[in-house]
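Participant: Position chains B and C with the ligands against the provided structure of chain A, taking the given hints into account.
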Amino acid sequence: MYVRIESIDFGYTKKQTVLKDISFSMVEGEIVAILGSSGSGKSTLLRLLSGLEIPARGKIEINEETLCSADTFVECEKRHVGMVFQDYALFPHMDVYKNIAFGIRKYPKAQKRQRVMEMLDLINMEEKIHAYPHELSGGQQQRIALARALAPSPDILLLDEPFSNLDADLKMRIRHELRTIMKKSGMTSIFVTHDYDDAKDIADRIVYLENGRIAYEENVRHQ
Amino acid sequence: MNKLLLSLSVGMIVLMLSACTFGVNPDGESITVFSERHYDTDQILFDLFEQQTGIRVNVIDGGADELINRLENESEDTSADVLIIADAGRLHRAKTKDLLQPVESDTLFENIPSNYRDADNYWFGLTKRARVLVYHPDRVDPSELSTYEALTEPEWEGRVVTRTSTNIYNQSLMASFIEIMGEEDARAWAEGITANFARTPAGNDRDQSKFVVEGGADVAIMNTYYIGRMMNSSDPFEQEVAETVGVFFPNQDTTGTHVNVSAAGVTKHSDNVEAAVQFIEFLSGEEAQESFANANYEYPVNENVEMHDLLKSWGEFKAQDINLSVLGENSYQATIIMDEVGWE
Amino acid sequence: MLSRIKRNINVFSVISVIAALLIVIPMLNILLEVLSPPSAAWVHIRENLLNAYIRNTLLLIGFVAVFSALLGLFSAYVVSRFEFRGRNLLSWMLILPLAMPSYIAAYIYADMFSYTGTIARFMRSANIPLRVNMMNLSGAIFIFTMTLFPYVYMMSRSALSSQSASFSENARLLGANRFRVLSRVVLPLLRPALVAGTLLVVLETLNDYGVVAYYNVRVFSFAIFNAWFSLGDTTAAIRLSGVLMLIVFAIIFIERAIRGKRQYSMHVKGKPVEPKKLRGISAFIVPATLWLIMALAFFIPLAQLFYYASLTFSDVINANFIFLIINSLTLAITATAITVFVALMLANYNRGTKNRFKKGLLKVTNLGYAIPGAVIAIAVMLFVHGIDRTLYPVYRLFNPDTGRLVISSTLIMLTFAFVLRFMAIGYNSIEASYDKVGEKFTEASYSLRAGKLRTLLTVDVPMIKHGLISAAIIVFIDVIKELPLTLILRPTNYNTLASEVFRYAREEMLQESAVPALVLIGVATFAIYYLTHYNKKGVAANVREN
Ligand SMILES: Nc1ncnc2c1ncn2[C@@H]1O[C@H](COP(=O)(O)OP(=O)(O)O)[C@@H](O)[C@H]1O
Ligand SMILES: [Fe+2]
Ligand SMILES: [Mg+2]
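Protein chains in written order, with this note's numbering: chain A, 1 to 223; chain B, 224 to 567; chain C, 568 to 1113.
Isolated chain A, as found in the complex:
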């Protein structure tokens, strides 16, 4: 298994329980949707996977590396996890190029440029290379955020409600586009949503989250 999550418990404070006994696994290249109502703990689960929070109990393994267990914890910046935030969190003081290049600082210059161009090509936005985030529409911002997360070739891509800031019309179009981009890049991805249609259109499999527990899973497509 490419991703293995075992018996995760978590609460923001000692008394609180936000997630309880979460376990699931994924194969490489799979796209999983986490579906649940607001407050059910979806974002929290992504924060745990990315290393922004530490689980009270349980184990996380991605690509044969143990990121988190009783005796190990790999910090966020050391994990190969890409994340697209709910409101994208594009750095407002950097243009598109710098935003995308941010995570691949260590690449040699030419290679860095090439990688950014690849990403822009993937999302079809080459012409916006020197635009600043506030000069972009919501959909464009979302795609840049996606490109930024993909640029360092993470082991896994996490997307938190990627459509919440888009209007319905745009959403329809982008839904398919997103799946195409994700499949094209072959990226193992988890995305979070509260909309069944989103989940059904994009994911291979849907994990239902209710009150911090996994209620059941549903296969949408066969691998």
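Please keep in mind that the hints were generated in silico from the structure rather than gathered at the bench. One should not assume that every hint holds.
Derived list of chain C stretches under chain B, where covered just means 3 residues or more per stretch with a C-beta under 8 Å from a C-beta of chain B [as the list claims (entries may be wrong)]:
no.	region
1	610-616
2	649-657
3	777-785
4	876-885
5	992-1006
All values derive from a computational prediction rather than experimental measurement. Glycine is no exception: its CB is placed at the ideal position from the N, C-alpha and C atoms.
Facilitator: Chains B and C with the ligands in isolation, oriented as in the chain A frame:
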């Protein structure tokens, strides 16, 4: 980035320039003087001293309280050899805090009358000032004035001003009364004078004389040298005030006018006591006294030295006959009494 | 939220903890002193003076708080909600009174109304039988209000200009009239800014010594100096500052309690309120009021200073004068840089920890602002002397003839005291910026595998740049004006513009103090001009970020 570099380099230049202000460390013998005084004419005297003795004088100036505090905190590590500050009360404070050391010097004993130096020789007065009555000649005839005590009479109600009880000059004045009249009468005086204040005390000595000229009060209790300084003020209107008012030396037929000093002492932890004593001796000598006193329109303590023309014009006067050490000894009690009678 | 990430020890936490401890230890010394048995002087103070001190202090800060809140709020509201001629100019000039140190304004106003003063002379020649005595409680209230209200102005102005129009519009849709909108929506939303600004004013007022000593207003800072110098009793002085700190805590606590759980700083995106054009008589009266405030708070005392400077500049300016400027600048720049740097470290650390003890420690580092300068001076002096005496054997290794007081005789001691004193200003300004920005960018940066240092330098710092710059400038202005610490802790013969102004004033040579005072005000004015203009986006954008 450019801006950052620019600010950094400006910062560096400033730092380097200011580094130049330190570290001017001359060879040869030198003493360090903590001094409240800050007059250009003093430097000429110090240069003269260096010429005569080869001892350089480093002056560190600051407020008296600040300097005492600094001495106290630096204790045995201080660089100071001599402390020069105004008011016997403050020098006494330095003495009781164990910051000074006694000095046996025949020159000093000879140059300085015994009541203007510490009874145990911890400090030596260099210049004198009198705390006098300053009045408006249109509203007060000098014949109405007599003593500090008379100002507590009902006829002076609402006509007297002076500064606050937190001011050392008034604390020392009060301390001298405790010595001369005893605590009971001194308290009665403080009560009486407070009752006659034209306003809640505020401001400095110059402000008191301005208030008199303005018509807010008729008599101010203040130090003589401020009249001299106002006469030479850069502000023509201040000169006018100084010329308008009259100066009256009270208690001439009784206990004498209150006199205080600026004085010097050798610090307890001086590492060059000999030079420090030499320096104070020099300042008390005939050669230095005139310039030293005139710089601030004060009376020289050395009786062989002539006073400033302005002071001469006011004539000779009788001073309180007490050893000024008592000003310091009584100062705490004086402060407490003034607080208790409500002198603000 | 970043807490779990930063559980490992790193450079930042080390710097933060060391800095916090350095700041806290001297203050603890003071608190311990309060526990020592009461001295005779303390008994005297308690019996005869304490009530008056408390009464006067409460009166002073009460009135100053109310007046400066009104003045600051009024000017901020007018400038941000109305359009009129001179608005842009006023919008930054209203900060200028901060460049005028309270003690200078106090001396100048007392002088102008004294017999020889310009105003008194004018009134005499115009036969106006009005005599104004500045030197009392009302005078002090006037001086503090005029020189400190810009704190309220700055804070309210930035809150007002970032307040989205949607709140007001919503309220009006819900049927509220203009007055209700103002009193129920605009003002309550402004509250945190208003409180923060007023608190700064109150703390500055409590800290002043120059004004209250000259005007003989018996408040705590004055009492502390008196106990220390007139009664020669340090423990009584420290005890008094203990009482003062209690008053400050009470004020802060009451404010917190009233605020409770209500949130005032919801970040709602939306267009800001369009300023309305002033018409008719108010187009004249309203700006005139603002200019009048400016005149009283800044231009009139400034003019008087220029007049005195013209009388005395030839006596005062000599070769050493340039060093006064250099010394002041060096000191202010160094102290500001260190304060802002440490504040950044602390704020950054605070963001990353949930540990209550550590958060408490960080809060304590802000207390310096509430402790009178004189007391900080004692604390720092004792502390640094202690270090010097401990390190003496080490010094000897390098230079066998060295004196014991090595650090104490340098600028380090004074700079350290400034950092301690002004940490709150730097810290709060940075923390506010961090709050505004939120944590998502930092998290995004970590998720892109940027380390802590890189995240700080390339993401956090640029995002809170405005907050950093305004923190730096306010600290700079405060340092350059500062008196008690400078007087007590400066290295021997290290004179600054402020110490020179005070020296002349102490010697009752007000006219001579004008030149250094003007240079000081000039430097501070330049800093304010820079604060409000460094960004081409215009004044509003900058002030908003405070
Ligand atoms: N920083 C936090 N501190 C405390 N509780 C939080 C915090 N963030 C989220 N929660 C709580 O955790 C639960 C799950 O939140 P979240 O994962 O954001 O939900 P979702 O993304 O599914 O809407 C909610 O009940 C929320 O109140
Ligand atoms: Fe004097
Ligand atoms: Mg969520």
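Participant: All the hints need checking, so say for each whether the structure fits it.
Facilitator: Hint-by-hint comparison with the structure:
Given as covered by chain B, the region 610-616 of chain C passes the check, having 3 residues with a CB less than 8 Å from a CB of that chain where 3 are the minimum. Restraint check on the region 649-657 of chain C versus chain B: 0 residues with Cβ-Cβ distances below 8 Å, three needed, restraint violated. Under the rule that three or more residues need a Cβ within less than 8 Å of chain B, the assignment of the region 777-785 of chain C holds, with 5 such residues. Here's how the region 876-885 of chain C fares: 3 of its residues keep a CB closer than 8 Å to some CB of chain B, so the rule of at least three is met and the hint holds.
Coverage of the region 992-1006 of chain C by chain B is violated [criterion: at least 3 residues with CB-CB distance below 8 Å; count 0].
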